[in-house]
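J.: Residue strings, one per chain:
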Amino acid sequence: MKFILVSLDDDPKRLDKYVEERKFAMPVARYNREQATLKFNVHDTPTTYYVDATGTIQYQVVGVEPHGDAVDRVTWYIEQLKSR
Amino acid sequence: MIGQRALAVAVLASVLAASVVFAQTASSFREKALAAEARNDTAAALAALNQGLKAAPGDAGLLAAQGQIYWRLLRAKSAEQTLIAAAKTPGYAAEAQYWLGRIYFFKGYQAENAFPGWHEEVSYRPRALKAFTAARDAKPAWYLPHVGLGDIAKAEGRESDAQAEYARAKELGQPSAPAEDALKAADAALARLQAAESPPIAEVRAAIEKRVVLRPDPLAYALGANMLLARRAELPYVTKLAIDGRAAGEQLVRENLSSYKLDGKVTASLDRNQATFADIAGWAAFIQGDMKTAEAKLAEAARLSRNLDPTNQMHLGQFSRSKDDLENAREHYLTVMGLAASVPPQREAAKTALRDVQAKSGENPMEFDQWLAATLDRKREERRKALVGTMAGKKLPPLALTDLQGNKVDLLAERGNVVLLNFFSAW
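Protein sequence lines correspond, in order, to chains A and B.
For what it's worth, my numbering labels the leading residue of the first sequence as 1, then goes sequentially.
For what it's worth, my numbering labels the leading residue of the second sequence as 1, then goes sequentially.
Be aware that one or more of the hints could be misleading.
Said to hold, decoys possible - Straight-line alpha carbon distances no greater than 27 angstroms define the calculated DSSO-like cross-link-like pairs of lysine-lysine that follow:
(1) K394/B / K408/B
(2) K13/A / K139/B
(3) K82/A / K394/B
(4) K23/A / K408/B
(5) K210/B / K265/B
(6) K17/A / K154/B
Note that these hints are calculated values from the structure, not bench results.
Looking at chain B on its own, in the form it has when it is part of the complex (with noise of 0.2 angstroms):
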């Protein structure tokens, strides 16, 4: 009995010890992860996480940890799987239940324009009030629930519900998100930096530097890129801003994917995010005298875009010209002309370019303005020619619906009319 009972106890005590270190191993490496995060060191965090993963698996603080970390990278899906096993533990579900809530307040209040084409989903709003309140529930002496909380309210215009959650967090911390605020001083030096006359270059690389190590969106990736390449430095550094947004691009757009509902957005992201960093690659190759990467990587933006571009355009006739290729200089040029998307300085730099390139085909200048108005006359005609689609021919499916006002709209009942029928979003 005695002996049975003592076994019992020292198989017990070693359990007990055996998960005392377990925890303290996976604290540690926490703690680890934290401080690297704390620095900025993204790498050491993850992989003092990883490491903390493989001796104790499914740990709840590392995962959260984790979540934290991966968000930050905009790895929304990834984050979001993490956090939700976390939150499952009493002791960590306040701090994963927040960072949940940060992701679903993105997707919910922030995402216009995050992304070109993308959309706040109000299908978010809910839940992330539904996690920040789990996570105030959870910890209530915590401050960042609540200023999660307060953001909410601002965005949704309630302006005293969100200076009382704010107060309330200024009393068990402080009033705000420091990663927030830490995001929105970067976007602010850069901003500073992009409107000053001539900013010590040393100063711009270093405020893009940190900011897309804040958080790598690929939209601050290419605004950097673009502010060094206005000014024709730094051109080693942009060559890799290139390399390194397309994939933080290609990245979000995966880690977001729910922001899309038709495959045809999904590819189109892609595209144009691709596109974007081939032509800053592109340029940057030009500026500095690679004429056979500038001409692939300009090409590759032009066939993502699918020359609807007018910077990529502008940047192939200038490559153009520099070849004396007048011909497809010309084309590029008339193709800025007549984009929607091109803004009047293009314009005016695309029509200044092009008297330029009728002069030096031996053309009359006199003539100039009456041939390029009937030549972008002919190039409208020709693009209505060429979009026709793939529907183009058959029978058009029968479909009844209601409108808005009640009324309703039966496609059959059109036979007879002339039909324009119009699928839209309303984004």
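Extracted from the complex, chain A is given alone in its bound form (with noise of 0.2 angstroms):
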């Protein structure tokens, strides 16, 4: 299981102080907004895509968290690709 977080950032410095804030445990990477639009259907932040060991995506979630209930979405879709 593998986490990746893209940054669509255009200022360094603001994603910075962000990083620095939440510490976050795993990769974080900068890539531009076109790209992202153009390659990856992103047309809003933030966008998270939920691929399975063949490289399949499976889902694709838009927006944030409205519902409060993030971390059971985000358990609920991990489980049920490992269980692919």
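Combine the two chains into a complex, taking the hints into account.
T.: Below, the structure is given as structure tokens:
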């Protein structure tokens, strides 16, 4: 299981501050917005892809978690992928 | 020879006379416009400038005044174009550069939360500095560029630089910008009235009117409308605020498009704006007993907010309950309970309302808590299944990046692993 965070920020300082505050345990890389839109169909942030072991995207989730059940939901997606 | 010379002189004289008339016309329109602007009569100010620009197209004095007014109306794009044109004429360069500086200062330092989802754009910071500096160099004895430079220093935490600039500005005139002061005072007046127990409604209305005239930003309209809705007062005026606020918000989003790099954000901002004011209009109609308008407007807000706005869902719950439509009322209150954005008092109100709805539906009050927990769980499960997006079923495109620590991140190399790939922005 691998978590990859990709920032689409224009401002590296803002990103540095955010990463410093959040202390992510997973890799954080930068990428550009235009390419993300073109290649990955990302029209809004955050966008999350849940990808199975064959490299197939199983779920695309767009937007912040409006229902406050983020942890439960992420866990559920991962369980689904692992059981495949 | 003499005849030719006389003719040349006569032609020159008439050209000079014409240009003097031209300049006089332009400056009289400018004065008329600035006088109207000083008494907050925006329509008259803009009309005078349009008239002037018809008589003297491209006149820098008229353009500089127009840019200043456009900016006060938060029409950044129009203001910027106009001011850049005006700045080319030396006599108005200082004025035009100062107002350009104000626009860039806003974008670079003040845009955070000026509208939901908005953020400061750091690329504008050097531009603000450049514009205020150009204004100061073009007219060293003018106080306002020093105020601008002081504001930048203050925003960057260079307190002693800021105080030095303000002191210089004070020597030359005054230590702060009148337009910014007026806005701060209007905001403070609204905040005071909002905190007050039961302020006179006439005073509240006057404070709202003053604030939205000074700077028509959508949040001010929404704040004012909600203050009056909470007191169930001045409802026809609330309806007007909803109409004007929506227009102000759309204009703000369109004229500040550089705040959005992704097309999804522009659409989301326009939808959010329209949803906010549709809900305000709908709730004002409901309080006034106009059920038809209430139903249409509250439903419009729900569609645009994708049922994610707790305030709107509470309103829809109450609307449904007033029609004894218990089924829909139940759904809306359950949505409020499930939304992360709901504040605790909203949750409590929704729970109380649900208890009532369940009792009216003939359910056993003893089983309420159990029913609520089970229902919220079931809803959560349904949402999981609904949120599967458009790239599902496709292969993940290859992408090789380097992370902030300098390590390779290669999506192709992750085949065989389950991957959670999250695109985010730090705002």
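J.: Which of the listed hints are not met by the structure?
T.: 2 and 5
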